[in-house]
Amino acid sequence: MAVVLQANNREDLTKSKTKEVRLAGGVPAVIYGYNVQPKTVAVDSIELLKTVRDEGKNAIISLKVDGETFQVMLHEYQIDPLKDELVHADFYVVNMSEEMDVEVPLVLEGEAKGVKEGGVLQQPLYELGVRAKPNDIPEQITVDISELEVGDSILVSDLKDGKNYEILEDEATTIVTILVPDKEPVEETEEAEEQAEPEVMNEKESEE
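Count the sequence shown with the working numbering and you get residues 1 to 208, in order.
By construction, these hints were calculated from the structure, which means they are not laboratory data. All residues carry an ideal CB built from backbone N, CA and C; glycine is no exception. Possibly wrong hints are sitting among the right ones.
[Said to hold, decoys possible] Cut-off 25 Å, straight-line C-alpha distance, at most; resulting in silico cross-link-like pairs (DSS-like, lysine-lysine):
| id | residue 1 | residue 2 |
| --- | --- | --- |
| 1 | K50 | K19 |
| 2 | K160 | K133 |
| 3 | K163 | K57 |
| 4 | K160 | K57 |
| 5 | K83 | K50 |
| 6 | K64 | K17 |
| 7 | K160 | K113 |
| 8 | K17 | K39 |
| 9 | K39 | K15 |
| 10 | K64 | K133 |
| 11 | K83 | K17 |
| 12 | K83 | K15 |
| 13 | K50 | K64 |
| 14 | K83 | K57 |
| 15 | K19 | K64 |
[Stated by the list, open to error] The following label-pair restraints were derived from C-beta to C-beta distances:
| id | residue 1 | residue 2 | range |
| --- | --- | --- | --- |
| 16 | K50 | L155 | 32 to 40 Å |
| 17 | P181 | P38 | 49 to 57 Å |
| 18 | D182 | E99 | 38 to 46 Å |
| 19 | V87 | T142 | 28 to 36 Å |
| 20 | K163 | V87 | 34 to 42 Å |
Let the sequences and hints guide you as you build the complete structure.
This is the structure we're talking about:
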C-alpha cells in the first residue's frame, strides 16, 4: 500500500516565493511522468525525508494535490551541501500496470564463518538492478552470508529471482566474498634485521 503525502500547488515561481516556501519548511517540487502534464508543487521537507527513510527510495507515494492523487516515486532530489537541507524534488508519476527498472539496496544478513576465522569481507555490489511493476518492487534484497567460509563468494547467479521481479544484473557479478587475510611478515623482517646487524658490525671492525 502506497504511503500518502500531501502537496500544495505552487503557481508563483519567483525566487522570493520559492525562498519563502523553503523558509516555511517546504520543498519546491515538480510532478511529471505517465499521463500527466508537469505540475509545480511544494511538500513538507520533514514529511518527505521521513517517508524516504521509513519506506525506502523506491516507495510508491500517493501524492495528494488539491483533490487529485498521483501515484509517484521520488525520482531525484537536490540537497544544499552547506545547509544539508532539501532544496528541490522531482516526483515521477508511474504506470502501476507497467514494469520498470530500478536499483534495489542489497543488505547482508548474519556473520560469515570466514570472518570469525579472520577472513576479510568484501562487498563489491551494494545495489541490484531489478525489473518489476511498481507495487512489486522490493524495499531491499537480503543476502544471508552466515555460512560463507574463507574463499567463498556469493554471485548474482546464486540469488533466486523473486516471484514478482526479474534480476537484471550479470549473473557472474560478485555480491560478496570472504578474502584470505593478509599475512604480515613482521617476525621474518625482525629476523632479517637481526641477521643483518652482525654483518654491518663486522664490516666496521675490518675497516678499523
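Here is what the structure says about each hint:
1. K50 to K19: 22 Å, holds
2. K160 to K133: 18 Å, holds
3. K163 to K57: 21 Å, holds
4. K160 to K57: Roughly 23 Å between the alpha carbons, so the hint for K160 and K57 holds.
5. K83 to K50: 18 Å, holds
6. K64 to K17: 21 Å, holds
7. K160 to K113: Distance of about 22 Å is within 25 Å: holds.
8. K17 to K39: Judged against 25 Å, a Cα distance of about 16 Å means the pair holds.
9. K39 to K15: Measuring from Cα to Cα gives roughly 17 Å; hence the hint holds.
10. K64 to K133: 21 Å, holds
11. K83 to K17: Holds: K83 and K17 sit about 19 Å apart, inside 25 Å.
12. K83 to K15: 18 Å, holds
13. K50 to K64: Given that 25 Å is the threshold and the Cα spacing comes to 17 Å, the pair holds.
14. K83 to K57: 22 Å, holds
15. K19 to K64: 23 Å, holds
16. K50 to L155: 32 to 40 Å: 36 Å, holds
17. P181 to P38: 49 to 57 Å: 55 Å, holds
18. D182 to E99: 38 to 46 Å: About 44 Å separates the Cβ atoms of D182 and E99, which means 38 to 46 Å holds.
19. V87 to T142: 28 to 36 Å: 33 Å, holds
20. K163 to V87: 34 to 42 Å: At 39 Å between Cβs, range holds.
Consistency note: the structure conflicts with none of the earlier hints.
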